[in-house]
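Q: Based on the hints, put chains B, C and D in the right spot on chain A.
Protein sequences appear in the order of chains A, B, C and D.
Heads up: the first sequence runs through residues 2 to 203, numbered per this note's numbering.
Heads up: the second sequence runs through residues 111 to 256, numbered per this note's numbering.
Heads up: the third sequence runs through residues 78 to 449, numbered per this note's numbering.
Heads up: the fourth sequence runs through residues 40 to 369, numbered per this note's numbering.
It is worth saying that the hints were derived from the structure and are not from the lab.
Be aware that one or more of the hints could be misleading.
To be verified - In the DSSO-like style, the derived pairs of lysine-lysine whose C-alpha atoms are separated by at most 30 Å in a straight line are:
1. C:K314 - A:K8
2. C:K295 - A:K49
3. B:K212 - B:K172
4. C:K373 - B:K164
To be verified - Now the in silico label distances, taken between C-beta atoms and shown as ranges:
5. C:R352 - A:Q135: 21 to 27 Å
6. C:A252 - B:A130: 29 to 35 Å
7. C:G380 - A:L4: 18 to 24 Å
8. C:Y151 - A:A25: 26 to 32 Å
9. D:V160 - B:G121: 28 to 34 Å
Here a beta-carbon is modelled for each residue, glycine too, at the ideal position from N, C-alpha and C.
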Amino acid sequence: MKLAAIKQALAAISPLAIEQTEYAGKGFVLDVKVAADQVVEAAIVLDKEDFFIEAVTGVDWLGEKEALKKEAEKQAAAAAAAKAKAAAEAAEAAGEEAPAAPAPAPAPASVPSEDVAPLIDDLEVVYDFNRYDQLCRVVIRTRVPRDNPEVPTISKVYPGANWHERETHDFFGIKFIGHPDLSPLLLPEDADYHPLLKDFTV
Amino acid sequence: MIDYFKEIISGTWSLFVGMAITIRYFFQPVVTVQYPHETLPMPPRFRGHIDLVKDEESGQSKCIVCGMCQKACPSGCITLAGEKPEGGKGKVLTKYILDFTKCSLCGLCVESCKPEAIAFSRDYNLAGLNRNDYVFDLIKRMEERN
Amino acid sequence: MSAFAQSQTNETFVLNLGPQHPATHGVLRVKLVMDGEYVVEAEPVLGYIHRMHEKMGENRTWAQFLPNTGRMDYLHALAFNHGYVTAVERAAGIEVAERAEYIRVITNELNRISSHLLWFGAFVLDLGGFSPLLYAFDDREHILDLLESVTGSRLTYCYYRFGGVYNDIDDGFLAGTTAFIKRLRDRMPMYHNLVTKNIIMMKRLEGIGPVSAEMCRKYGATGPVARGSGIDFDLRKHEPYSVYSEFDFEVPVYTECDSMARYMVRMDEIEQSMRIIEQAVAKLPDGPFMTPKVSKIVKPPKGDYYNAVETARGSFGIRLVSDGTNTPYRLKLRSPTFSNLSLFGEASRGMLLPDALALMGSLDLVIPEIDR
Amino acid sequence: MSLDPEVVRVLAFLVGVIAFAALNAAYLVWLERKEAGHIQRRIGPKEVGPFGLLQPLADGAKLMTKQLIVPDGVDPVLFKIAPIMVMVPAIMSFVTIPFSDTLVARNIDIGLLVIFAFASVNVLGLLLGAWGSRNKYAIISAARVVSQNVAYEIPMLVTVVTLVMITGTMNLHEIVMSQQGGFWNWNILRLNASPLMPISFLIFFVCMLAETNRAPFDMAEAESELIAGAFTEYPGMGFGVFFMGEYANIVIGACLATILFLGGWQCPFGLYPGVHWFLIKIYAIIFTVIWIRWTFPRTTFYSLLNLSWKILIPISFFNLILTSAMLKVF
Chain A
2 MKLAAIKQAL AAISPLAIEQ TEYAGKGFVL DVKVAADQVV EAAIVLDKED FFIEAVTGVD
62 WLGEKEALKK EAEKQAAAAA AAKAKAAAEA AEAAGEEAPA APAPAPAPAS VPSEDVAPLI
122 DDLEVVYDFN RYDQLCRVVI RTRVPRDNPE VPTISKVYPG ANWHERETHD FFGIKFIGHP
182 DLSPLLLPED ADYHPLLKDF TV
Chain B
111 MIDYFKEIIS GTWSLFVGMA ITIRYFFQPV VTVQYPHETL PMPPRFRGHI DLVKDEESGQ
171 SKCIVCGMCQ KACPSGCITL AGEKPEGGKG KVLTKYILDF TKCSLCGLCV ESCKPEAIAF
231 SRDYNLAGLN RNDYVFDLIK RMEERN
Chain C
78 MSAFAQSQTN ETFVLNLGPQ HPATHGVLRV KLVMDGEYVV EAEPVLGYIH RMHEKMGENR
138 TWAQFLPNTG RMDYLHALAF NHGYVTAVER AAGIEVAERA EYIRVITNEL NRISSHLLWF
198 GAFVLDLGGF SPLLYAFDDR EHILDLLESV TGSRLTYCYY RFGGVYNDID DGFLAGTTAF
258 IKRLRDRMPM YHNLVTKNII MMKRLEGIGP VSAEMCRKYG ATGPVARGSG IDFDLRKHEP
318 YSVYSEFDFE VPVYTECDSM ARYMVRMDEI EQSMRIIEQA VAKLPDGPFM TPKVSKIVKP
378 PKGDYYNAVE TARGSFGIRL VSDGTNTPYR LKLRSPTFSN LSLFGEASRG MLLPDALALM
438 GSLDLVIPEI DR
Chain D
40 MSLDPEVVRV LAFLVGVIAF AALNAAYLVW LERKEAGHIQ RRIGPKEVGP FGLLQPLADG
100 AKLMTKQLIV PDGVDPVLFK IAPIMVMVPA IMSFVTIPFS DTLVARNIDI GLLVIFAFAS
160 VNVLGLLLGA WGSRNKYAII SAARVVSQNV AYEIPMLVTV VTLVMITGTM NLHEIVMSQQ
220 GGFWNWNILR LNASPLMPIS FLIFFVCMLA ETNRAPFDMA EAESELIAGA FTEYPGMGFG
280 VFFMGEYANI VIGACLATIL FLGGWQCPFG LYPGVHWFLI KIYAIIFTVI WIRWTFPRTT
340 FYSLLNLSWK ILIPISFFNL ILTSAMLKVF
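One chain only, chain A, in its complex shape (with noise of 0.2 Å):
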């Protein structure tokens, strides 16, 4: 099943961005990103493909909207002194540092800027397939809001993914609709918090 083939497959169910990245670096060779709610088509998809669940990973980007904003803030002010003073003064202001690691200290306060909404980081959802007679590892990846983040379950599709997603829901509260019994699977029974959270504290 030549890469091609399936990268056109996965196209049909129109996700948000395919790119095609190159194995040496990354260590998979397609990177899909897709709405909450299409996992389940591409995972029919691959399942068709005869691909395998690898893993499924969550990750906690609290903080990325934050930098993001100051980042963008930052560009326009440093855009705008360059149009004004010389190309010289503006390089020294947009000299400051990468955008704020995501320490695990709480969100920064938000300066109140002019937008109401808060920004509401999101979580991502990594689903890993791959093939038994192929080198062809694919990356589906979801991004959902923290506040309430719900992604339909593959274990319909793929009963291996069924304890990955309790692990996962156990980790990150990432809730899987659908899913048979999302009791906590490696944390104890009456286990309410959900550690891998940045914002998790002991």
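A: Just chains B, C and D now, kept in the frame of chain A:
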């Protein structure tokens, strides 16, 4: 019908082959080491808990209190302190505590120590009644060693 | 085999294959709903030895996470070291010294043989045979002594570093390895005569615990469990990492899908690992055992990477998400037995209790690797 | 009142037999651990006494000092009777075993029948123990013990019936006397009676293993599945009594095999027969029983029953018919 008998015969034959093997081992010498009476020598690279290396001439430890080992340790087992002698340049080691209960013997400290002041010791049968028997004061141990 | 028809009166009872039970090799609890001696429903309960390595990964630097990898699967710790070290080298683009690659392959394959030997002993012990366990431990002791003379530890190794290994191997180790391989080669026929060809063993394993290739794919099973069901998937051949592409060795695949197939896959893998070691010892180049000037401060560029290696139990994958600083942003550890065990619930439906335990033994479980 | 010398003699023999059984049970444990050790190239008990000879006494003392906990929810009556029901029949059936020409407690004419009668009580003991201790693992193992013993009682009895046909008597003393002279006229080599004699000895040996839940057939107390099977709930001496009962049964099985097939106290070359030959043969058989235990894995339950119903019983019936035909003709 034939394979019914063939299976019985080959089956019992495999049983006798198995018994022949075990009886041969019954008469061979024993391979185990009787631990409390005989002990095995530890190889030179055995990783026991770390110990300060004594500098031959000065009799002190080679440690220059740079704190690299303290920073390298993943579980924060090493706490050390030193102070500047009046005239002399470098620092002199005054306190070197190793909390061996948290140490995972990964060797990052020994690797990060430029003057090679610490090295793995080779004693393995440590026995203690409570946890702080394993909080070693390496300076005291170095003096006791000779 | 034993056709199982649910009895009408449906008086099933729940049997707890408790957290400590001789057949679970560690703290795994299986809730068995039993009807007489037949297993109606088996549900493994995990989490008894869960230490949250992934959170530890997020507040340690890249180099400081190394000892954790050895603690996940202590039977094949060097493969987990290898997986983590190659993942960071791939992400940060660190070059690995040629000699170090060969040292890694030799020690990794030795560790694989010791893991298979321990599994062999424990598996036959599950089925009631006692002596093969001690013969296997006798051989395994030789490997542990060899690796101890080089790495300094016997079980939870922390020997690999980014760009190479901790210290060099000497001729004594090479001589010991070749002597050990010759010794194990003479003893393998004994193991086959004592266990594999034994009529009781054959009756216990053939046709027991069928795991079809489709079930393996649906559950993501890898390693000897998948290779026992006819799936030719071995990362050393499939995604050749390190210098595995330079050795010629076969990947044993059996298509009977039963416990005997999984057993034979592992026994043949011991032979293949010995072949790899011989070729690696023959081709061992000279030169530094560590790329010079690799600093302990590693800063992989932003983004996420995936890297998988072949351990004795299957493909161990690491998904790194790095934000360019010296501590990982997110470290996902994909353990092979986690997926292999997830098919136990469906595979053991309707089996007898001793057969279900034979199936669990043939999955070669290491519980700390499942719970992480 | 004057004691009839016969009563005194039987009482003395009873004390001797119980001592023999108890001592045997203790020192078989030592023999088993030593032999298992050397098969696995390690030493086995060595610390307590020379060559670990005092180890059984140490074990006995340890077992006795353990507190006898009767877990609640247990049926106290069954729980207490079970160990006794396993131990007593084992010792009782020593009464009829002729250790040598004169050394026999009671020379009963139907000695063989007495032994088999007592052998079946032992199964009942295990069943009551498992049922009494209300433990799921014990119940599973009790079900296994019952069906296993039933399955292996039949081939054993059929082989013994063929033998009784040949020897014509059930009196153990006469059976041994009929095997006098060298080993060529032991029952195992009495090919003129039936060419399948060695095979029937093998069948008898396998059934003896299965009766005493030993070696490849130890389904009852399968460590890796049922932990300790029928006696999971028994602490200290309760377990100790079960253990002694099991070892006493093994000794009886070995004695029976020796008497019926290997010519009891007869000497292989017809020289001065005596109890020493009897003991040598018993311990040779027990050595093999232990040797088998440490070599083979455990069979599954249905292949255990298949082995009995599909292989042992047909062969033993064929042997029965063949022997009766041969006796008729010659």
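Q: Now tell me, hint by hint, if it's right for this structure.
A: Hint by hint, here is what the structure shows:
Proximity of K314 of chain C to K8 of chain A is assessed by CA-CA distance (about 25 Å); at most 30 Å being required, the pair is judged to hold. Straight-line distance between C-alpha atoms of K295 of chain C and K49 of chain A comes to about 11 Å, which keeps the hinted pair within the 30 Å bound. Between K212 of chain B and K172 of chain B the alpha-carbon distance is near 25 Å, which keeps this suggested pair within the 30 Å criterion. Taking the CA atoms of K373 of chain C and K164 of chain B, the gap is about 27 Å. The hint holds against a cut of 30 Å.
The given range of 21 to 27 Å is respected by R352 of chain C and Q135 of chain A, whose C-beta atoms sit roughly 25 Å from each other. Checking the proposed 29 to 35 Å range against A252 of chain C and A130 of chain B shows it holds: the Cβ atoms sit about 33 Å from each other. Between G380 of chain C and L4 of chain A the beta carbons are some 21 Å apart, a value that agrees with the proposed interval 18 to 24 Å. Between Y151 of chain C and A25 of chain A the CB atoms are about 31 Å apart, so this pair conforms to the stated range of 26 to 32 Å.
Range check, V160 of chain D to G121 of chain B: Cβ separation about 33 Å, and the 28 to 34 Å hint holds.
Of the numbered hints given earlier, the model fails none.
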